[in-house]
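Visitor: From just these sequences and the hints, can you work out the full model?
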Amino acid sequence: MDLNFSPEEIAFRDEVRAFLAAHLPEDIRDRVRRGDERHVSDDLRRWQRILHAHGWGAAMWPVEHGGTGWDKTRQYLFEIECAAADAPIQLPFGLKMVAPVIMRYGSQAQKDRFLPRILDGSDWWCQGYSEPGSGSDLASLKTRAERDGDHYVVYGQKAWNTLGQHADWIFCLVRTDPAAKPQRGISFLLIDMKTPGIRLQPTKLLDGGFEVNEVFFDDVRVPVENLVGEENAGWTYAKFLLGHERTNIAGIGASRRELARLRRMGREFRRHGAPLIDDPLFATRIAQVALELEALEVTNLRVIFAEARQQAPGPEASMLKIRGTEILQRISELQVEALGARALAYEEDVDGDGEDVPRAAAQYMNLRKLSIYGGSNEIQRNIIAQTILKL
Amino acid sequence: MDLNFSPEEIAFRDEVRAFLAAHLPEDIRDRVRRGDERHVSDDLRRWQRILHAHGWGAAMWPVEHGGTGWDKTRQYLFEIECAAADAPIQLPFGLKMVAPVIMRYGSQAQKDRFLPRILDGSDWWCQGYSEPGSGSDLASLKTRAERDGDHYVVYGQKAWNTLGQHADWIFCLVRTDPAAKPQRGISFLLIDMKTPGIRLQPTKLLDGGFEVNEVFFDDVRVPVENLVGEENAGWTYAKFLLGHERTNIAGIGASRRELARLRRMGREFRRHGAPLIDDPLFATRIAQVALELEALEVTNLRVIFAEARQQAPGPEASMLKIRGTEILQRISELQVEALGARALAYEEDVDGDGEDVPRAAAQYMNLRKLSIYGGSNEIQRNIIAQTILKL
Amino acid sequence: MDFAFTEEQQMLQDSIRRYLESGYGLEHRARIVAGDEGWSPRTWAELAELGLLALDIDEDDGGIGAGPVGTMLVSQATGAGLLVEPFHSSAVLATRVVSLLAQGERRAQLLDALASGEAIAVLAHEEGDGWDAPLETTAVSEGDGWRLRGRKACVYHAPMARWLLVTARCADGVGVFAVECGADGVDLRAVRTLDGQRAADIALDVLLPTDARLGAGDAAAALGQALDRGIAALCADALGVLDRILVATVRYARERVQFGSPIGRFQALQHRMADMYMQVEQARSMTYLATSACLQDDPDARRAAISAAKVIVSQAARRVGQEAVQLHGGMGMTDELDVSHCFRRLLAFELRMGTIDEHLRRYRETVQADGA
Amino acid sequence: MDFAFTEEQQMLQDSIRRYLESGYGLEHRARIVAGDEGWSPRTWAELAELGLLALDIDEDDGGIGAGPVGTMLVSQATGAGLLVEPFHSSAVLATRVVSLLAQGERRAQLLDALASGEAIAVLAHEEGDGWDAPLETTAVSEGDGWRLRGRKACVYHAPMARWLLVTARCADGVGVFAVECGADGVDLRAVRTLDGQRAADIALDVLLPTDARLGAGDAAAALGQALDRGIAALCADALGVLDRILVATVRYARERVQFGSPIGRFQALQHRMADMYMQVEQARSMTYLATSACLQDDPDARRAAISAAKVIVSQAARRVGQEAVQLHGGMGMTDELDVSHCFRRLLAFELRMGTIDEHLRRYRETVQADGA
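Protein chains in written order, with our numbering: chain F, 115 to 505; chain P, 115 to 505; chain G, -10 to 361; chain W, -10 to 361.
Calculated directly from the structure, the hints in this document are not laboratory data. Take the hints with a grain of salt, since some may be wrong.
[Stated by the list, open to error] Taking lysine-lysine pairs in the DSBU-like style, the calculated list, with each CA pair at most 35 Å apart, reads: (1) P/K504 <-> P/K308; (2) F/K504 <-> P/K210; (3) F/K318 <-> P/K210.
[Stated by the list, open to error] Covered stretches of chain F (in silico footprint by chain W; criterion: 3 or more residues with CB under 8 Å from a CB of chain W, positions within the stretch not fixed): (4) 115 to 126; (5) 433 to 442; (6) 497 to 504.
Glycine included, C-beta positions come from ideal geometry on N, C-alpha and C.
Guide: What follows is the structure, encoded as structure tokens:
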């Protein structure tokens, strides 16, 4: 047992740090730090191009498709360093979600067509999984696709589509056999967002922002070559995708960054004339969540280690998801506590003005989603109880 | 709306205080304060006789049976004052459990025979409800009683019988019709503990003490006149009894007494040279639980008020039970925290030596039972969800 | 001991409740919130017509004299209705300050204007460094009047007020000064609040006439009393929100079907809703206690009860708000349902007029000083 | 980064685990606990035969040199087996103190006696006023030796020890003194502990020869290192208990039928067991981290990691212990099942070698001083 990173891993981390110091554009970094998302589309595409130019466009892809081929430990270190440097996240929808499905189940033509454009930032993908009536119970989805010659005709409605307003493509689960059992009649389609009949309606969220949409499909014609794998076998690909979504699900990088911000706030803000951090109650709450984050970091490394040795890569991810989201939500809650009444002044859907203040309350509200999206924490607890504890 | 007690109620409270100051024997009070239960049988019987001599033997009984006829508010005030004065509790098994059943469903002969002896402390009753396999699911009980001439012959086993080692009588749920649906074939029997065939086996508990027993019935012959009400109708009486058990279920008096003890410990014990109460973390934890107790006190009064006006006397008791036990358990946990390493030295089943120290850890362990017994807190949450929230 | 309400009290609550239920739906409110002014003068006039702006004005002053209990009942309704008009700021808090301090003609002038809805007044007290931090704003004699200097932070409803009642340190203790919003040297920076209301950060450097000061001598005791009554009413407002969000959550859980069953049938969710219910009931109990304490003679007992209530109701606000969103799933994250608006009002409540930590401290210090 | 164990390490753990599983059942243990001595010299001799008493003695000193990792693995087994013999006190903590401080012949004499099981030594350090409170026990030069005066509180396994290793304040810092238990002026009051072990409160007023002091000069650094290794091993012991109590609870939930269904099918209970599982896994992670930190060069980093682990494992101990009893229902309250014995050992763990509050404070101060 040795909890230290190897000298090679340390050297790798230093290399990432040096790269980030040299290549992360200052304007992007500042916007990320302030939570300013006004240029999110440009920023993310630009950053993807920079990473790609360095050969680091896809940390989690195999080399044959232009990925780095890094092991999970290096992927983890890369994520931590990017978050610490306030680099933008790389959106998961292309890189971590649809790409693995195409690599595993797609045709050669699909691979050739889609993967390079994901890698270099040309195509922005979004997700068409959930529907208004199908949240945790995804298999009950209703959007249907009927074969008409060389096309599928798609009709229905998707919900909780993140940042689809910037997207070029959407991957969708659609029902192709209404007569079959729920899981049996589902197919996996790739749809060009410019196709006629697609309409996006932004959903205003709790925090006042617009990061998700409803997507309406009104007899949208999709060429059959955009079917992934076999018709009616989409549930298999969907589950495969959800498994891949879980890489770095613990969100250690984000929690570390927000914890550092919380500590900064504790030193900067004063209550009754003294820095907040001098209040033993507040300092203890910070210490408690810092401890829990340390525990989760080690747990995350244990899971990575087990995965690398082909042991149990599965249900442990549920623990990482639950604890990771609980910790980040708690840090965010403490940021609002640090602000106190300062958090009351609030502008909706207006971005940060260089201060921690306006972001913290918006982020607190926005992050309530963490325990709901991506498989709610209730679903994750079901998985632990049933799969790990065999109850 | 007026949250103050009326002048008459205040006068009543003062009268109770004066009575306790004058009539609670000092030796009993000291043993209660120390948690010394070596003379529990004598103490409780003696205290019951004193109360009875004053006309206060049964605060919750109607006047016709020798009770005080007090309303719920006075019963509440009486309980609070008794706890504050370190008076012994009055065991519920006779006064609050079997007596209401006899009053409501018993024959005149049963009333004449049993009630006066409960009131004056002559008869100590214990409970024969739960069985090893029937805890939360009481209706699945298996102890059977077969009619044989003028007798029932009882065979089976009861568990979690509290202080039966001192008891003269036990009331039992027994199965008289094994063919009927679980709730239908149950009868309610009163059994003399001296009857041949009854054997008690003490159950050693978590804290090392012996306050509960298993009771074995090996063909115990019980005269049919000791059947309450009708054969096979016992489930009705059992539920009626459980409703009555809930009087003062919030345990405000006990929590107040233990909170005062906790505050005393915080002032007396020092950590790193300073009184523990000066530690803002510890002081805040005490304040938090004190607040929660205040909220429960008002809630308890609200329920008493509603009950007096014939509104909703039912499921709200579940809230009082849950919150009452959670608060008392929390206070007890904080007492152990106050002790810290001092709590490590521990003698099993040996009574207090005049200090708060040895009792606190034993009590902490013993009180884990609160959320299990008397309808577990899980069952109470089910009741709230289903009966109040209609889920 | 009596937890019943009089018929008059019930009628007061019913009138405002009916008014808001029929004419103050989410969409209507959204338009008000999104508007330039952030409030509806028409709604305000209608509240005045219902008599609600004179609710907590003593009968001797021409008001209804409904007192803390009536104020509590109406505040529950304003909370449940998510009212953004300045009922709490003007008709409760400022009205109480005026009632406790102003004298003579000034008193009559202010109370009449407030009761009729003709003008709005707000108490400008907190300065951003903690709820009960020592005042930095000062008032010193200058010429014939007062020079008032300082800053006030996030004063709810200041942008729509005619008068600011500004607290300041004077030579003889705390003074409260009536300042016209438009006066020279009053600089208002309007802000929106996270619960859809309007507030202002205020910078003051203003010369006031002598009679701008309400009452004579140290106003600390009266101010403390008014603030505590304001907190009690704010707790009642939050209680109204809690009732609404709990009902909405339970209803959603009964109706939302996943895996072939209403999610309200899942035991894990049932137990969490049972916990929400208990938190709301404890919040109700403490709101009653705080309301009752408003009439306490002993200021320490009043302070302890008010702070106790603010802590318990705030903790319920946080937990119940979070759970309500969680149990609504994705729908809880949208602006579309009332749950998100309730969540935001509960969050704002938690942060207003003293946080959990600040009131825990005051409670601790008050109770401990008692040797209790 | 490597979370695997070597074959030797695994074998060590397996040997003690098998030994305890086969010969140290609840009834056997209950007899030992109820006995006059409170420990079994036979068990002790068998542990010595297995080599476990030389586990953490360096190979240069004739031991196994299994180090912190080996100690962790064996401690998990002693926890899971609810061992009451003084493995932790003598073979881990006292052995480490001797290894770090004693020199020459004294060193060899002590380590040989400890490794063979011939004698037991315990560190007598805490004095009852908090885990890291300043020492009140003093040692001053007197004649040819030392006058040691003071009190030690609840020293685990002192009643069966030959040597007490007593910490004291000296003119040049902290000293550790080897004191024969039977010496004049050593007054032991034996007590039982709540987890069924034996300890003693000790009053000392004793004259010692010069060479009773282990090592030269201030022993604070070495003592700190030994205590931290002791805490890491105690965490591992608790982890073993946690594993056992979780398995027992899950098994009980699968088997116990109420309302026609195993209670483990009830979703509310499933979610609580999922939480227990997560707490145990976080405790495992932190035990690994603490073990790894034992070999840290930087004492601040070591202290932070050790305190972090003690907090997380203690919190898991409390919550998982309480939940295990609760989920066992009435059966959890009895002495009959292992759950109650596990509960008591977890409670004792929480209180030993620094409480949650004390370690939270040390962590906070260490990390904050870092400016992290």
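Visitor: All hints are to be evaluated individually against the structure, with a verdict given for each.
Guide: Comparing the hints with the structure gives:
1. P/K504 <-> P/K308: violated, 47 Å
2. F/K504 <-> P/K210: violated, 43 Å
3. F/K318 <-> P/K210: Since the Cα atoms of F/K318 and P/K210 sit roughly 57 Å apart, the hinted pair is violated (cutoff 35 Å).
4. 115 to 126: Coverage by chain W holds here, the residue count being 7 at a Cβ distance below 8 Å.
5. 433 to 442: With 3 residues in contact (Cβ-Cβ under 8 Å with chain W), the coverage given for the region 433 to 442 of chain F holds.
6. 497 to 504: holds (count 6)
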